[in-house]
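Asker: Residue-level listing of the chains:
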Amino acid sequence: MLRYTLKRILTGILALFVLACVTFFLVRLMPGSPFQTGSVSEQVVEAVEREYGLDRPLDEQFLTYMGNLLRGDLGVSYEDPGVKVTEIIGRTWGITASLGVPALIVAILAGTAFGIVRAVSKNQGVREVISAVGMILAGIPGFAAAILLLLIFSVQLKWFPASGLLSPAHYVLPVISLAIYPAAVIMRLTGNALETEMEKDYVLFDRAKGLGRKRIIFTHALKNAWRPVLNYIGPASAYLLTGSFVVESIFTIPGIGREFVNSITNRDYTLIMGLTIFMGAVVIAVNLITDLLGAWLDPAVRRSYQEETG
Amino acid sequence: MRVLDIRKLRVQYHTEQGECRALEEMDLHVEEGEITGLVGESGSGKSTAMLAVMGLLKENASVQSERITVCGEPAVPGVNIAMVFQNPQSCLNPSVKIGRQITETVRARRHCGRREARERALELLDMTGIGNAKMRMRQYPFELSGGMLQRVVIAIALACEPRVIIADEPTTALDAAVQAQILRLLRGIVEETGTALLLVSHDLGVTASLCRRVYVMRRGRIVESGSVEDIFYDPGEEYTKQLLDSVKKKRKLSEGTKEESLLLVENLTKEFDTRDGVKGVTLELHEGELFALAGESGSGKTTLARILTGILKEDSGSILYRGEPLSRKGRAGGRIQMVFQDPYGSLNPCLTAGQALDEALRAAGSPEERTDREKRRERIRNMMERVGLTEEDMDKYPSEFSGGQRQRIGIARALIVRPEILICDEALSSLDAVTQQQILDLLLDIQKEQQIACLFISHDMHVIRRISSRMGVMYGGRLVETGRTREVCSDPWHPYTKLLLESSLEADPLRARRIRSLPAGKQDNGGRGMRDKGCPFAGECGYAMKCCTEEEPETYRFGERAVSCFLYSEEHSGRRSRDYIMTSQI
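Note that the protein sequences, when read in sequence, are chains A and B.
Per the numbering used here, the first sequence starts with residue 1, numbered consecutively.
Per the numbering used here, the second sequence starts with residue 1, numbered consecutively.
Bound conformation, chain A alone (with noise of 0.2 Å):
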């Protein structure tokens, strides 16, 4: 376990490192430079490329960056000179969280409770229905999905704001039309898995020695049934993140999704790389985490480790 431990923290760093050299010569692969605008003299661009080291061959560059980055510096946004990139992620990474941490909590207790009951429930009418949602709900991409949901409840029912975050009914839209695809997803997931389980022989011997319906699906299968689960809670994270990027949009929300936008837009080549570092990192922590947290709840990984400490 330990070993393992080790080993997946390692090769979280090594992905990261692959990250950030990806992203750096794909910035530099975009057409153009941060500092052409229409009304500025060719001299006056070069001059302020050299200040900021542009005009440095690229490995000069990319040794310079990822010398800063070792010790966490992710340099000035060109766009705005006086703020540090790490400051705006300081800024608007909370926000995000804000909307993100929330629907990943409704995206997992809506899409188990309704996969359960797609699962169990022995009316045919309910099985078939839920799937069938579940299955429109997965396939509504997340930006038709936000407009959607701003026109009716918003513009027409008035009956959630429509812009900012200043209270938590500003909140129910946007946590909501991230929400529903993971939703799907989860109650998928959960569905086919508790199926699964539901067929199995300890299912069967537990009727047999008298147990309630319930207590079956509760302390049995679903002991068995959480593993996809969580395994995808790795990547529903990395969706979070990149439908942030729509949903603060749409509903005008300062947070990293819409910082990354604008950032391409300004090719602010620091504020891009530092902003794709910053959401890499999550997300392979995110996954480091699930993954050593599934291994921990299996039985059998957890005792080989005890074994291993004594």
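No lab work stands behind these hints: they were computed from the structure.
Every value quoted in this text rests on a predicted model; they were computed, and no experiment measured them.
All C-beta atoms, glycine included, are put in the ideal place defined by N, C-alpha and C.
Be a bit skeptical, because a hint or two may be false.
[Stated by the list, open to error] Partner residues aside, some chain A positions facing chain B, computed with beta carbon under 7 Å:
1. Met135
2. Asp201
3. Leu204
4. Phe205
5. Arg207
6. Ala208
7. Lys209
8. Lys223
9. Asn224
10. Phe278
11. Pro299
12. Ala300
13. Ser304
[What the hints assert, rightly or not] Only pairs whose alpha carbons sit at most 20 Å apart, straight line, appear in this in silico PhoX-like list of lysine-lysine:
14. Lys122/A to Lys158/A
15. Lys214/A to Lys58/B
16. Lys200/A to Lys58/B
17. Lys97/B to Lys200/A
18. Lys134/B to Lys223/A
19. Lys134/B to Lys97/B
20. Lys214/A to Lys97/B
[To be verified] Label-pair ranges, simulated between beta-carbon atoms:
21. Arg221/B to Arg3/A: 34 to 44 Å
22. Glu199/A to Asn382/B: 36 to 46 Å
23. Gly294/A to Glu237/B: 28 to 38 Å
24. Glu266/B to Cys21/A: 51 to 61 Å
25. Ser131/A to Thr172/B: 51 to 61 Å
Once you have looked at the hints, place chain B on chain A.
Answerer: Just chain B now, with coordinates in the frame of chain A:
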């Protein structure tokens, strides 16, 4: 008094192809404190009937009956009736501790507090003879052996405090020695608690050993019932006779034609981290003979087979084929073929029977056959007929065949490349008695007709005794005894061979009732690891001496008999003069 009373039980399945009758008008009863048997081949509807009684069938089954009562009241699972299933590994939830799985049953039955339930669970575990019950409570199913798990399952069934327990093939998934322990346990429970037991089994030996009355079932009907002596000694129905014959029939043994060594294995060793390895195995296979290999699961039989076929690579040791070293590549070439244990898992579900055979031919057939499509087809057609299948079967997928038919395809696949050595790894153990007999007949006919040398791996001593000319016994990765089958079976020398023979049950009530086994619980202490020094059997051996745990016995040869036990060493017996004839020391 009738504890379990079933009258006119009928079960129908509603399938897409329409109605399907699984069970017709079954009448069955179990008296108080009695062990009643239900025998029949697989697919005869035994399990369906039992699940119907328990009310555990799926929604697509409709159950009708005049009455299903336990002591006059309707049967309620977990209250007045409980069940023990075939496979203890899959019956227990892998992620719930043993203790919890027992206490929840106690609590559901008695509506009592945690502490009382815990005490009761410990009591039940002690009753089943599991050692160290307190520790077992905190363990997960994967930490226990199959025999221990079946004890836990029985403890759970007892926690329901039922009037009758249905045991559906309770020992089929277990080794012979463990099987005997579990059967003794079941008998003890009936004697102690007065609970009635309905024992469902396809194994006539198991039935004969425990039951007082027997029902014989075939195709969803009870064809015969009566006392165990009547049924086993004087069967009325043709089908019952057939069942009994299939177990008792003697075969004319096919002796090796020449005493020429075809395959010589010397000092073969392959070690794994945990178990299942082989250590220092020396074995000779004569041309055209049938050599049987016995031993419990985990004794390394399958590993040995896999090394011989080139699936695994040995750590050390040599394999000589007609006196010449055989490289691993040479083994894979088709001269040595294998029939696998599981006819379901060993056929690719996406290939038709014909395609599977074609693939084997293209890989290892003769040079002409590899290139000529028509020749291959011709050969496949002949082979299918030889194993008792038709030409039309060539285009069917494995899912369309029964277990027995699949095993025929497995045999055809092995034989189609004209091997000189055939290895059958428990090729019969997943089949029921009658099908076993058919497949065995087929195998032996072909073996005799084509004079193929055959290494027949089995845990079933009855089969081995009937078909093989020489045999070997494996334990803990070592070959502990080899010799002529007749001699080994009638006069075992190694203590483990003796145990193995004693714990295999005959389909003869008077003999089988004396179930002998190790003292309960002893076997279950995990045995000794491959890496421990000394004899692997020393921990369980009644004859163990000081030297047994300290050094490893060599293999001592006496004519055709070879035995690896200190009882036969020069130092121990100490009286080997030139003309001394060694006899069994146990």
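Asker: Hint by hint, note whether the structure agrees.
Answerer: Structure-based check of each hint:
1. Met135: This interface hint is violated because 24 Å lies over the 7 Å limit.
2. Asp201: OK, holds: Asp201/A within 7 Å of chain B, min 4 Å.
3. Leu204: holds, 6 Å
4. Phe205: With Cβ-Cβ at 4 Å, under 7 Å, it holds.
5. Arg207: holds, 6 Å
6. Ala208: At 4 Å from the nearest chain B Cβ, Ala208/A passes the 7 Å test, so the hint holds.
7. Lys209: holds, 5 Å
8. Lys223: holds, 5 Å
9. Asn224: Hint holds; Asn224/A Cβ to chain B Cβ min 6 Å, cut 7 Å.
10. Phe278: violated, 36 Å
11. Pro299: Constraint on Pro299/A satisfied, holds at 4 Å.
12. Ala300: holds, 5 Å
13. Ser304: violated, 11 Å
14. Lys122/A to Lys158/A: Not OK: Lys122/A and Lys158/A at ~38 Å, beyond 20 Å, violated.
15. Lys214/A to Lys58/B: Holds, at roughly 18 Å.
16. Lys200/A to Lys58/B: holds, 12 Å
17. Lys97/B to Lys200/A: Holds, at roughly 18 Å.
18. Lys134/B to Lys223/A: Given pair Lys134/B, Lys223/A is violated - Cα atoms ~24 Å apart, limit 20 Å.
19. Lys134/B to Lys97/B: holds, 12 Å
20. Lys214/A to Lys97/B: Between Lys214/A and Lys97/B the Cα gap is close to 19 Å, so the pair holds against 20 Å.
21. Arg221/B to Arg3/A: 34 to 44 Å: For Arg3/A against Arg221/B, whose Cβ atoms are near 60 Å apart, the range 34 to 44 Å is violated.
22. Glu199/A to Asn382/B: 36 to 46 Å: Given about 41 Å between the Cβ atoms, the range holds.
23. Gly294/A to Glu237/B: 28 to 38 Å: Given a distance of about 56 Å, which is not inside 28 to 38 Å, the answer is violated.
24. Glu266/B to Cys21/A: 51 to 61 Å: Roughly 56 Å apart at Cβ, these two residues keep to the hinted range, so it holds.
25. Ser131/A to Thr172/B: 51 to 61 Å: The hint (51 to 61 Å, Cβ to Cβ) is violated, given that Ser131/A and Thr172/B are roughly 38 Å apart.
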